[in-house]
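Protein chains in written order, with the working numbering: chain X, 1 to 209; chain L, 1 to 193; chain U, 1 to 189.
Keep in mind that the hints were calculated from the coordinates and are not lab data. Every residue, glycine too, gets a C-beta built ideally from N, C-alpha and C. It is possible that some hints are incorrect.
Below, a sample of chain X positions facing chain U; criterion: calculated Cβ distance under 10 Å [unchecked claim]: (1) ALA126; (2) PRO129; (3) GLU132.
Have a look at the derived ranges for each label pair, beta carbon to beta carbon [as the list claims (entries may be wrong)]: (4) ASP85(L) to GLU132(X): 42 to 48 Å; (5) PRO185(X) to ILE52(U): 21 to 27 Å; (6) GLY175(X) to ARG143(L): 51 to 57 Å; (7) SER144(U) to ARG157(X): 45 to 51 Å; (8) TRP180(U) to ASN8(X): 24 to 30 Å; (9) ILE52(U) to ARG62(X): 31 to 37 Å; (10) ALA145(L) to GLU132(X): 56 to 62 Å; (11) GLU132(X) to LEU131(U): 23 to 29 Å; (12) GLY21(X) to ALA39(L): 53 to 59 Å; (13) ALA39(L) to LEU46(U): 41 to 47 Å; (14) ASP68(U) to ARG157(X): 36 to 42 Å; (15) SER19(X) to PRO109(L): 41 to 47 Å; (16) ASP85(L) to ALA79(U): 52 to 58 Å.
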Amino acid sequence: MKIRAIGNLLILCATVALSYGMQVSKPHYAELTAPIPIDGAMHDTVRARSFDVRLDKVVFARTLKTNQFGQERLLTTSGLWAVVTADLTATSTSTTVAGGTWQGPTGLRYHHTERLSYRQDMPPHAVDPDLERNGLFVFEVPPDQIRGASLLVAARRFAPLDAQARISLDAVPTGADGQPTDVLPLYDLDAPAPPQGQTQQGQTQQGKT
Amino acid sequence: MFKTARSKFQTWITAGAGTIAALLVAGLMGAFGALPAHAPPQLPSDAAIDAGPWRVQPVRAYVSRAKVYGVPLKPGQKALVLEADMTNRTAQSDKAYFNVFKPDGIDLPDPLPMIALARDSTLTPELHPGMTERMAYVWPLARDAAVPANLSFGVTAEIFKPRDNLYGTPGWFNPYRLGTVAMPVADLPESGS
Amino acid sequence: MSTVSTDIDPASGGETKWRRRGLVALAILLPLTLAETSYDSVREWLHGEDLIARDVEFGQSMPFGGSDWRLADLRGGKAGRLPDHAFAVIATFSVTVGDPDLQKQWLGCKVMLTDAAGRRWLPDFISGVSLPDGVMNCTSAIFSGAKKGDIITVGETFIVPEDAVKTIRPAVGLGSERPWYLRFQRPPK
Chain X
1 MKIRAIGNLL ILCATVALSY GMQVSKPHYA ELTAPIPIDG AMHDTVRARS
51 FDVRLDKVVF ARTLKTNQFG QERLLTTSGL WAVVTADLTA TSTSTTVAGG
101 TWQGPTGLRY HHTERLSYRQ DMPPHAVDPD LERNGLFVFE VPPDQIRGAS
151 LLVAARRFAP LDAQARISLD AVPTGADGQP TDVLPLYDLD APAPPQGQTQ
201 QGQTQQGKT
Chain L
1 MFKTARSKFQ TWITAGAGTI AALLVAGLMG AFGALPAHAP PQLPSDAAID
51 AGPWRVQPVR AYVSRAKVYG VPLKPGQKAL VLEADMTNRT AQSDKAYFNV
101 FKPDGIDLPD PLPMIALARD STLTPELHPG MTERMAYVWP LARDAAVPAN
151 LSFGVTAEIF KPRDNLYGTP GWFNPYRLGT VAMPVADLPE SGS
Chain U
1 MSTVSTDIDP ASGGETKWRR RGLVALAILL PLTLAETSYD SVREWLHGED
51 LIARDVEFGQ SMPFGGSDWR LADLRGGKAG RLPDHAFAVI ATFSVTVGDP
101 DLQKQWLGCK VMLTDAAGRR WLPDFISGVS LPDGVMNCTS AIFSGAKKGD
151 IITVGETFIV PEDAVKTIRP AVGLGSERPW YLRFQRPPK
């Protein structure tokens, strides 16, 4: 009888310990339903579930120039404008890519700016299978959030359990102070041919790392 | 017979004691509730205020009869405008700043203000972590509404929960009145700011 | 009375028997509960996806969403502003309206192109290419006020990569018919 009581007590203790361990170690709801990251580097094609994305270049500027309803607008910022050009393709079915987030080195998340009105080359990007499409993601970021940052691209802005491309921006050339080496005073979003030098520079940097 | 009567009496006493205890506790709590509540503190108008997810610093307040920051006014309306420097203290871009300021003692036709980015009049853009922007809160008022020369604005903050009770996700909850900040209100002539 | 008392009497093994019955019941009830709770989600998902193709020969018409659908034309070529190695494709359907409540029957109307590899293209806007006169896209057809017996022409423009052009087949999905969709045979060359 005594042995049985001790046995029961032991089972109880073990259950408590197990339950506590599970409570402490089990992932939380937010983690369980978080997007599934797919890591990649700049200039690589990153294959998410419903789309492929390749980052071509990142341009930093102090002011953006854009045309809105036939009117020229100059957009200033308290930080820097980061204009990311990406090549997007759908995997098997035409779809849209709406979520673009700049994630700083410490995990701060900067969403695509809401200060630009809708343009053809802005999210949501309509993408088709095997048709490459150039799309822009535009962010306002403080200069100290550039080194070690990564770009998160997902089909939707809230995409629980869906794939999210996480592209490291280590190939962006930055100076000793963490600031990008090239900051344009003005970037024209409507300029027909974007400056080629940026891409070249990005690629050489990529070759070195 | 006697035994049942006694047990009945005991039951009454027990139940009665519970009721009395409950009444006492409720009375005490009520009494505490009736104590003069702490008035929300007066916040400095010349320093940054940490109001939950936002760090705010009011800059100026005025009444305008012309369109301010692209916010259209209906005929017969004027606008009470509060300009403030706002910084997102959270980890991601957000626009949950609609209830941060509220003018006290003024009859508002619409309690939700129109909020514009002073930089380029974009209406209610998301503000990004750590990037301070000047925002203009615009409350349309009836043209004949009286606005005191020195107006108190209530500041609402929220508390951060690393795990909310429903989903266990982090977020800002339980808005509470942090205090009030008094601002002189200039009356701008017809031409506007 | 007597059976009950023997059943719950542990000495006679009744408890074991009931335990076993409980376990069996669990094995039946748990999957049933799961099916019951997921039924609505599964149904909703099925009604939102074009999963099962119903093939239609060229020249034939097929009742779908209360109307008769026939592939009128499928043509491709280089036109307007297109990316490299891509073609513009216009697919048009001749539809005899049966049930005139198009807003209900045609809700979520989706015209698409499928190819041999299973890829799907949705309509695209191509600057410089517009639908022929009298052809409307599916959404405007819904609000066109077409009556029973009317024959309307529904069409969409697509951008398709070069390697898919040879095998593309037009397809139509409607909210009232999902998960079934119509897939049309290409016109003979």
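Outcome of the hint check:
1. Among the interface hints, the one on ALA126(X) holds; its C-beta lies about 7 Å from the nearest C-beta in chain U, closer than the 10 Å criterion.
2. The criterion of a C-beta within 10 Å of any C-beta in chain U is met by PRO129(X), whose closest approach is roughly 4 Å, and the hint holds.
3. Among the interface hints, the one on GLU132(X) holds; its C-beta lies about 7 Å from the nearest C-beta in chain U, closer than the 10 Å criterion.
4. Checked against the hint of 42 to 48 Å, the C-beta distance between ASP85(L) and GLU132(X) comes to roughly 43 Å, which is consistent with it.
5. Restraint check, PRO185(X) to ILE52(U): a C-beta distance of roughly 57 Å breaks the suggested window 21 to 27 Å.
6. For GLY175(X) and ARG143(L), the hinted distance range of 51 to 57 Å is satisfied, since their beta carbons lie about 55 Å from each other.
7. Between SER144(U) and ARG157(X) the C-beta distance comes to about 34 Å, which lies outside the given range of 45 to 51 Å.
8. Between TRP180(U) and ASN8(X) the Cβ separation comes to about 59 Å, which falls outside the hinted range of 24 to 30 Å.
9. Remark: the range hint 31 to 37 Å for ILE52(U) to ARG62(X) is contradicted by a beta-carbon distance near 55 Å.
10. Taking 56 to 62 Å as the suggested C-beta distance range, the pair ALA145(L) and GLU132(X) conforms, at roughly 58 Å.
11. The beta-carbon spacing between GLU132(X) and LEU131(U), approximately 26 Å, falls within the hinted interval of 23 to 29 Å.
12. The given range of 53 to 59 Å is broken by GLY21(X) and ALA39(L), whose C-beta atoms sit roughly 48 Å from each other.
13. About 60 Å separates the C-beta atoms of ALA39(L) and LEU46(U), a value inconsistent with the hinted range of 41 to 47 Å.
14. Between ASP68(U) and ARG157(X) the C-beta distance comes to about 41 Å, which sits within the given range of 36 to 42 Å.
15. For SER19(X) paired with PRO109(L), a C-beta distance near 55 Å fails the hint of 41 to 47 Å.
16. In this structure the hint that ASP85(L) and ALA79(U) lie 52 to 58 Å apart at CB holds, the actual value being about 53 Å.
Violation of the numbered hints given earlier is confined to hints 5, 7, 8, 9, 12, 13, 15; the remaining hints are satisfied by the structure.
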